[in-house]
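Peer 1: Sequence:
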Amino acid sequence: MSMWCLERSGQDKPSLSAWPSPVVPQGQHVNLWCHSHLGFDTFRLDKDDGAHIPELQGIIFQNTFLMGPVTPEYAGIYRCHGSYRHSPSVWSAPSDPLVIVVTGVYRKPSFLAQPSPLVQSGQNVTLQCCSEIVFDSFILHREGVMESPLHLVGQLHDGGSQATFLMGPVTTAHAGTYRCFGSTNYSSYEWSTPSDPLNITITGLYKKPLLTQLSPVVKLGENVTLFCSSESSFDVYHLSRDGEAHEHWFAGGQSHNGAFQAIFLLGPATPAHNGTYRCYGSFNDSPGVWSDPSDLLYLSVTGRESSPQGHGKVIPGLPGAQR
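Residue numbers for the sequence shown follow numbering that gives the first Met the number 0, so the first one is 0 and each next one is one higher.
If you are wondering where the hints come from, they were derived from the structure by calculation, not from laboratory data.
Mixed in with the good hints there might be a few duds.
[To be verified] Derived DEER-like restraints, expressed as beta-carbon distance ranges: (1) Gln27 x Thr211: 21 to 31 Å; (2) Asp95 x Val144: 17 to 27 Å; (3) Ser186 x Thr63: 50 to 60 Å; (4) Ile58 x Ser109: 36 to 46 Å.
It should be emphasised that the depicted structure is a prediction, and the values quoted were computed from it without experimental measurement.
Even for Gly, the Cβ is constructed at its ideal location relative to N, Cα and C.
With the sequences and hints as input, model every part of the structure.
Peer 2: Now the structure itself:
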């Protein structure tokens, strides 16, 4: 049956979208949805370079089409047309193009924030994506945001490639979870596996809490207890230790003598506990927005090891913490 397209005006064209996302991990499925207020009975799907996947070229469907499991060949530009039952050979103008990206084609890059993923409100932070693979482009994507991802030009670096992006001055709108991908000019719609997530946290929005320790001197084997207290009724308190890639440990707050505080039980003291600590507070409705940091608390472990005493729940992940 011959097919031809009757193009009347831009308003006659349907819309084409992808659910849950046009960025699809290799091996997964994606729903393509072609829709229009004109009440078309059937739709036809076309891929710009459909010769790579003959079975996709000219597919006829009603509203939705489940595509997959996808391979790199599925990456590319798609359009759909609408048709009525009484004139099945007459097709509408094509929809606007929909780009389908297939991820997982290359190894994931590394992704970090300099000098820290904890960023004071109003300051700048540099996001750096790098890979041992020579990528022509790196793509920055923020979870939960509908905006188009940011494409950065890759630069040669130590036999591989990298790209940097200066973000700022930051506001609370910059808080969130970011990832980066790599791609080549030869196959720009085929991306790498996503990097590990990078959580950008904005600090300085609330008054700083106070961080104290139970005793100014901690001997080896004694339990380490830190207190983070504040005037604000924070839902969560965060403890950070410098020199450990800004790892964080969390504790819920509780009222104490008119103030609010969290208790961090770090377990029996070892030399690994030596370091500088800060604490922050945040609320559940804006987990990526924290208070000003407390003043630095330096923890020094001295003396001979003593017999560990009974201790309660500790914060997993810290030296000496029970699991």
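Peer 1: Decide, hint by hint, whether the structure agrees.
Peer 2: Verification of the hints:
| no. | hint | result |
| --- | --- | --- |
| 1 | Gln27 x Thr211: 21 to 31 Å | violated, 50 Å |
| 2 | Asp95 x Val144: 17 to 27 Å | holds, 21 Å |
| 3 | Ser186 x Thr63: 50 to 60 Å | violated, 27 Å |
| 4 | Ile58 x Ser109: 36 to 46 Å | holds, 39 Å |
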